[in-house]
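Colleague: For reference, the chains in residue letters:
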Amino acid sequence: SPTGDSWGIFTFLCAALCNLPALPALNCSEELGAGQSIQQTYDLTRYLEHQLRTLAGTYLNYLGPPFNEPDFNPPRLARAERVPSATVDLDLWRGLTDNARLAANYRAYSRLLCYLRVLDSQVGTAELRHRLAHFCASLQGLVLSIGGVMSSLGYPLPAGPAGPPAPPGAPTAPNDFLKKMDDFWLLKELQTWLWRSAKDFNRLKKKVPPAVVTLRLEAREF
Amino acid sequence: DSHIQYERVGADVTMKCGSMDWDAAVTWTANGTDIDESHLNGSYLILKNVDLTQSGQYSCYEGSSWHLKYQTYLRVGTPPKEPVLMCRSNNYPKGFYCSWHLPTPTYIPNSFNISVIHGTKEMVCEKDAVPKNRCHIRYLQLFSTVKYKVTLTVTNALGKNFTTLTFDEFGIVKPDPPESVVAKPVPNNPRRLEVSWQNPSSWPDPESFPLKFFLRYRPLILDQWQHVELSDGTSHTITDAYAGKEYIIQVAAKDNDIGTWSDWSVAVHATPWTEEPKHLTTEAQITETTSTSTSSFMAPPTTKICDKGAMVGSGAVAVCWTAGLVVAAYSVLFI
Chain U
1 SPTGDSWGIF TFLCAALCNL PALPALNCSE ELGAGQSIQQ TYDLTRYLEH QLRTLAGTYL
61 NYLGPPFNEP DFNPPRLARA ERVPSATVDL DLWRGLTDNA RLAANYRAYS RLLCYLRVLD
121 SQVGTAELRH RLAHFCASLQ GLVLSIGGVM SSLGYPLPAG PAGPPAPPGA PTAPNDFLKK
181 MDDFWLLKEL QTWLWRSAKD FNRLKKKVPP AVVTLRLEAR EF
Chain X
223 DSHIQYERVG ADVTMKCGSM DWDAAVTWTA NGTDIDESHL NGSYLILKNV DLTQSGQYSC
283 YEGSSWHLKY QTYLRVGTPP KEPVLMCRSN NYPKGFYCSW HLPTPTYIPN SFNISVIHGT
343 KEMVCEKDAV PKNRCHIRYL QLFSTVKYKV TLTVTNALGK NFTTLTFDEF GIVKPDPPES
403 VVAKPVPNNP RRLEVSWQNP SSWPDPESFP LKFFLRYRPL ILDQWQHVEL SDGTSHTITD
463 AYAGKEYIIQ VAAKDNDIGT WSDWSVAVHA TPWTEEPKHL TTEAQITETT STSTSSFMAP
523 PTTKICDKGA MVGSGAVAVC WTAGLVVAAY SVLFI
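Going down the list, the protein sequences come from chains U and X. Sequential numbering of the first sequence, starting at 1, is according to my numbering. Sequential numbering of the second sequence, starting at 223, is according to my numbering.
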């Protein structure tokens with residue numbers, strides 16, 4: 001929708017600027033309070049979801065049929081389970097604590113980012129590489145944003161990989177078709193996570209008090 | 223003995239008089255009326271190119287004794303065409319419903335069988351008593367990547383047909399329209415109308431799954447709608463209404479993030495507040511001159527979606543930089 005584009009871009013730019021390490025001693029998400037950060041993170045997920053639509057379309061065309069067919073509905077293979085799934089029992093999802101909810105998002109996007117980076121390194125066309133790189137940067141911003149929310153609420157960040165991709169022993173796809181299937185499921189899970197996150201952050205928005213500008217001074221090297 | 227016989231429109235039907243020989247003398251009746259001998263071939267009744275009007279009870283009597291030898295109920299119809307199937311989630315995240323109908327009637331009884339497959343699992347779609355031709359499913363899992371495949375098969379005595387729908391959990395979300403839409407004039411404000419509404423009652427959890435709304439309004443005398451999109455709240459004040467003109471107003475709803483817009487709500491009518499009648503002429507003249515300099519039917523400025531969006535965005539940036547400046551100011555004090 002036109003509304004989504006314009007405010008999504010504005011607020012994403014804000015988030016990106018606020019998280020730039022170049023800004024001395026300014027971590028906007030902390031200073032603005034949890035409420036504003038949650039809104040920011042929510043806006044980021046919407047922006048990413050919009051970006052993903054274009055990226056997925058291009059990537060699936062690159063994979064070729066049947067992956068780019070709208071009716072393509074393959075069974076889930078066991079190997080696809082490595083990609084973190086957003087699927088969850090309804091009552092369980094409702095009952096998640098704020099910490100658990102945020103941690104699930106943080107872990108999922110950290111791992112999805114890893115897999116996407118691997119994809120980026122293998123992909124053929126320059127256009128795709130450019131789009132993927134752009135998307136990875138935005139996704140990195142989302143991971144940081146979620147981390148920011150967790151910190152401002154006093155939750156510890158989940159341990160684990162924001163670093164190197166799949167461990168050396170992990171099985172790579174034995175053939176070209178299965179590799180493409182992996183890519184297909186990766187994009188599908190990413191899309192589903194972004195839809196889920198919008199709902200996760202909606203719930204968090206309601207539970208965390210509205211934006212309060214808190215000024216926190218920390219000793220930092222200038 | 224009596225039974226029911228189904229035949230296609232346009233078919234040629236031959237009815238035998240039970241176990242009677244071909245050359246027996248019989249009389250056939252259709253709904254009690256004797257049938258002319260020209261339709262008989264011996265004791266067989268021949269109906270060529272049957273049409274719907276020929277449905278009815280056919281009886282065969284032995285010639286002299288008038289014993290009833292055979293009776294059948296002829297139902298003329300058609301095999302089913304491909305059914306029309308629609309699935310929709312108006313109660314997300316509880317589940318969804320599917321409803322169906324035939325594009326053309328068959329004129330004979332049909333039975334419907336619906337199957338819902340989610341990945342490898344077969345789910346049960348519980349049939350609704352009312353309306354008929356509708357069933358509902360409860361989601362067991364939320365945020366599923368696997369598509370749902372719904373197959374509807376329709377069968378009758380003359381044939382069968384089917385259709386399939388495949389969709390994502392998110393793709394079929396469409397709320398019911400907002401309810402209890404009320405529009406009221408605002409006292410002492412000749413250009414305002416206060417509109418309020420409620421979430422559709424079928425939407426189970428507006429807290430976790432908030433709805434956004436789309437309002438459209440126009441004076442009855444104009445064809446062009448004005449639109450406002452509202453990301454929260456269930457009320458809005460129109461501030462650019464034409465003085466004294468009756469307005470028609472409708473609202474639609476959508477999940478904030480997924481799915482499609484609902485149908486438009488029931489339309490409500492309202493007219494902005496106007497002064498006492500004895501002052502009407504002078505007030506009207508003043509209103510006309512202040513709003514436009516040319517024709518009074520020129521469209522008033524629309525509340526632009528982009529303006530609204532830009533406001534939200536720049537608001538966020540403004541807070542960001544304001545916080546930055548304040549912190550910078552404090553930092554300077556500490557250096």
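In case anyone wonders, no lab produced these hints; they're calculated from the structure. Since we're looking at a predicted model, the values are computed, not measured. Even for Gly, the Cβ is constructed at its ideal location relative to N, Cα and C. One should not assume that every hint holds.
[What the hints assert, rightly or not] Calculated pairs, EDC-like style, for lysine to aspartate or glutamate (alpha carbon to alpha carbon, straight line, at most 16 Å):
1) 467/X with 445/X
2) 369/X with 69/U
3) 207/U with 427/X
4) 180/U with 69/U
5) 434/X with 485/X
6) 369/X with 120/U
7) 316/X with 390/X
8) 206/U with 485/X
9) 205/U with 445/X
[To be verified] With beta-carbon atoms standing in for the labels, derived distance ranges:
10) 133/U with 381/X: 50 to 58 Å
11) 454/X with 76/U: 32 to 40 Å
12) 232/X with 177/U: 29 to 37 Å
Colleague: Each hint: holds or not?
Modeller: Hint check results:
1. Proposed proximity of residue 467/X and residue 445/X is supported: the alpha carbons are some 14 Å apart, at most 16 Å.
2. Among the hinted pairs, residue 369/X with residue 69/U is consistent with the structure: their alpha-carbon atoms are about 14 Å apart, no more than 16 Å.
3. Between residue 207/U and residue 427/X the CA atoms are separated by roughly 15 Å; this keeps the pair inside 16 Å, and the hint holds.
4. Restraint check: the Cα-Cα separation between residue 180/U and residue 69/U comes to about 14 Å, which is no more than 16 Å; the hinted pair holds.
5. For the hint pairing residue 434/X with residue 485/X, the CA-to-CA distance comes to about 13 Å; that is within 16 Å, so the pair holds.
6. For the hint linking residue 369/X to residue 120/U, the alpha-carbon distance of about 27 Å lies beyond 16 Å, and the restraint is violated.
7. This hinted pair checks out: residue 316/X and residue 390/X have alpha carbons roughly 15 Å apart, not beyond 16 Å.
8. Proximity of residue 206/U to residue 485/X is assessed by CA-CA distance (about 27 Å); at most 16 Å being required, the pair is judged violated.
9. Proximity of residue 205/U to residue 445/X is assessed by CA-CA distance (about 40 Å); at most 16 Å being required, the pair is judged violated.
10. Checking the proposed 50 to 58 Å range against residue 133/U and residue 381/X shows it holds: the Cβ atoms sit about 56 Å from each other.
11. For residue 454/X paired with residue 76/U, a C-beta distance near 37 Å keeps the hint of 32 to 40 Å intact.
12. Range check, residue 232/X to residue 177/U: about 50 Å between beta-carbon atoms, so the 29 to 37 Å window is missed.
Of the numbered hints given earlier, the model fails hints 6, 8, 9 and 12; all others are met.
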